[in-house]
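Read top to bottom, the protein sequences are chains A, B, C, D, E and F.
First residue of the first sequence? That's 1 in this note's numbering, and the numbers climb one at a time after it.
First residue of the second sequence? That's 1 in this note's numbering, and the numbers climb one at a time after it.
First residue of the third sequence? That's 1 in this note's numbering, and the numbers climb one at a time after it.
First residue of the fourth sequence? That's 1 in this note's numbering, and the numbers climb one at a time after it.
First residue of the fifth sequence? That's 1 in this note's numbering, and the numbers climb one at a time after it.
First residue of the sixth sequence? That's 1 in this note's numbering, and the numbers climb one at a time after it.
No lab work stands behind these hints, which were simulated from the structure alone.
One should not assume that every hint holds.
[Stated by the list, open to error] With a straight-line cut-off of 30 angstroms between C-alpha atoms, the simulated DSSO-like cross-links for lysine-lysine are:
(1) F/K130 x E/K54
(2) F/K94 x E/K130
(3) E/K94 x F/K94
(4) A/K94 x B/K94
(5) D/K54 x B/K54
(6) B/K54 x A/K130
(7) B/K54 x A/K94
(8) E/K54 x E/K94
(9) A/K94 x B/K130
(10) A/K54 x A/K94
All values reported here derive from a predicted model rather than from experimental measurement.
There are 6 protein chains.
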Amino acid sequence: MSLVRLVEYADASPEVRAVYDDIMATRGTDWINNFWKALANDPATLQRLWDSVKQVMAPGALDPLTKEMIYIAVSATNNCEYCSYSHTASARAKGLSDAMLMELMAVVGLANETNRLANGLRFPVDARFKP
Amino acid sequence: MSLVRLVEYADASPEVRAVYDDIMATRGTDWINNFWKALANDPATLQRLWDSVKQVMAPGALDPLTKEMIYIAVSATNNCEYCSYSHTASARAKGLSDAMLMELMAVVGLANETNRLANGLRFPVDARFKP
Amino acid sequence: MSLVRLVEYADASPEVRAVYDDIMATRGTDWINNFWKALANDPATLQRLWDSVKQVMAPGALDPLTKEMIYIAVSATNNCEYCSYSHTASARAKGLSDAMLMELMAVVGLANETNRLANGLRFPVDARFKP
Amino acid sequence: MSLVRLVEYADASPEVRAVYDDIMATRGTDWINNFWKALANDPATLQRLWDSVKQVMAPGALDPLTKEMIYIAVSATNNCEYCSYSHTASARAKGLSDAMLMELMAVVGLANETNRLANGLRFPVDARFKP
Amino acid sequence: MSLVRLVEYADASPEVRAVYDDIMATRGTDWINNFWKALANDPATLQRLWDSVKQVMAPGALDPLTKEMIYIAVSATNNCEYCSYSHTASARAKGLSDAMLMELMAVVGLANETNRLANGLRFPVDARFKP
Amino acid sequence: MSLVRLVEYADASPEVRAVYDDIMATRGTDWINNFWKALANDPATLQRLWDSVKQVMAPGALDPLTKEMIYIAVSATNNCEYCSYSHTASARAKGLSDAMLMELMAVVGLANETNRLANGLRFPVDARFKP
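Okay, chain A solo, but in the shape it has when bound (with noise of 0.2 angstroms):
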């Protein structure tokens, strides 16, 4: 069904394992999910996403699970099943509540009406919020 195909480890060159073998060590986990298997059909890509991946969604000025609520957020926004379905279990598995699912899609849907309401009626933005 994939449009390319899915590089098991067992398959894989030595440096596609090499970042196989680093996203499981950093995630505490004993599996590489489909994303990177697809990718791993260009190397360099693989790297380079695995590090941005890394970078992005390390703790920082906002937390890990703060951070897989916006992913979730752009997700669903943009309708992607994949990114729907293994970003929320990674959120699940960072703490994310039904309560705090169900109120983080709220205002996903909400963004998405007033958003259209905005550019639907294209009233000027008030010098007030421009900084």
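Dock chains B, C, D, E and F against the given chain A, drawing on the hints supplied.
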């Protein structure tokens, strides 16, 4: 420039003024932004959306600043100019720092990137991600 | 500001002028809007799109005002500034009132909201909805 | 498969049952579709969205079938599978014919095409289109 | 599952069969894919879209494989499952390698990321980029 | 107007200046565009995105002009004003002619149209398109 008239307080019906008064009282401000002035062309929609915003953005399982960040994430993904300015202003007032905004946008950017890799390559959702 | 030259009638080839003439005759106007002036850089595209607009927007199973409202709904969802202005103007000329525009935008906003609740929570389509 | 539990009538709180009862009474049906069963995880959101749907989709300046067609136009543009099935079913029940659906989709398709030509070529909005 | 009937060759009107015959002759194939069978519910739309595809996808200033890659880029960005499968198949038939597909998707992903950084942070367009 | 400060070279930290220097050296220019000046508020993001752009946009299985055209296709689809201007300028510098731009936009427009016909009518993917 707006596609509908902006209803100023001085020209508003008592029904619209009641909503405007509640907006200003709830927010502790003395002005109404253009979003509400445009919606006031349909008082039922004005009332419904204000009730929704009050309910959805109130503190609950998620705190108000987290909700504003989710709003910004959706607005950036949809490219809503008005909403990006207004909700970044709201988030700033609730404590959003430059560092937080940059991390928020980094997650938004990365999610938009990986969403398309998943949607374009169409590998299946891993069984372990399904609840 | 435009990324391609806008082709004015005076500078247009006979092939482009013929399309411009048909646009003005069909619409009963004496001017050409910028959309067509930009497309005129590729006469085959100009001809194809004008033929498509004439065919698709003509009265049929749906009346022209309903078609303009659908156009506005899509343009607001996609945030097309040019199309929001031009098709709201066309709809106004065909009888769109403020009340109709506000109801149209209320449906557009709500649909954008519930679309994301469905895409984010990913519950299955009810069997009864499947034809 | 759903990312939240679907709340069946038999398991629902009195608060949720009251909304379910109103949905069935308003629609003249004896079943609840999955959209509401998912929202029922947050009774306040269930109530708010049902109130919104009742208000927005009621006959007004636009008739209910026109509103369903606008809903379909937005759902096709956003690629919401659930909403395309559910609102096409609603529209069929209100009289949508094959000919109307095909014309609706032709307008949706064309609007999505011309939206991108405008957004990609970035010619200015004609002054005559500005209210 | 389809929201309209799929019109098979055996059941098609002479008008529809003529388009089907031209599709098969132009492509050197002996079958019709579901996209056209769905459009055949409206023969005028079937004819118009087939004429458009023939004109737009023909070799010109850009070669056909480049055009297929642009089609894939748009389809991944919009999350069109049908179009991702059908145009990746077309591109494969025209010589798209795994390496090309992975690079194409890397550009699509990155563009989607930087698009949102620009839309969310809203810095002005540099004067030097304006034609 | 920008939602974050634009970091000028004169005010930049040595870490940021090193990236700016590499951008100018790689591109053979003597100025930095606003995209990077905004990202410089988070030097780690600046570094990561610049590394990504260098890697992804370099010649490989696809040539740089093809990559710029794919970037334009995505930016037009998402309606990113900044990216449309900046990547059309880049593509022009790499040889994009008016004829190529018009054909590119014709494909982008048509893909956006057919994407919605597929998403709205929801006919199944033909088995022959599945790898």
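- Message: So, against the hints stated earlier in the document, which numbers end up violated here?
- Response: Nothing - there is no hint that the structure violates, so all of them hold.
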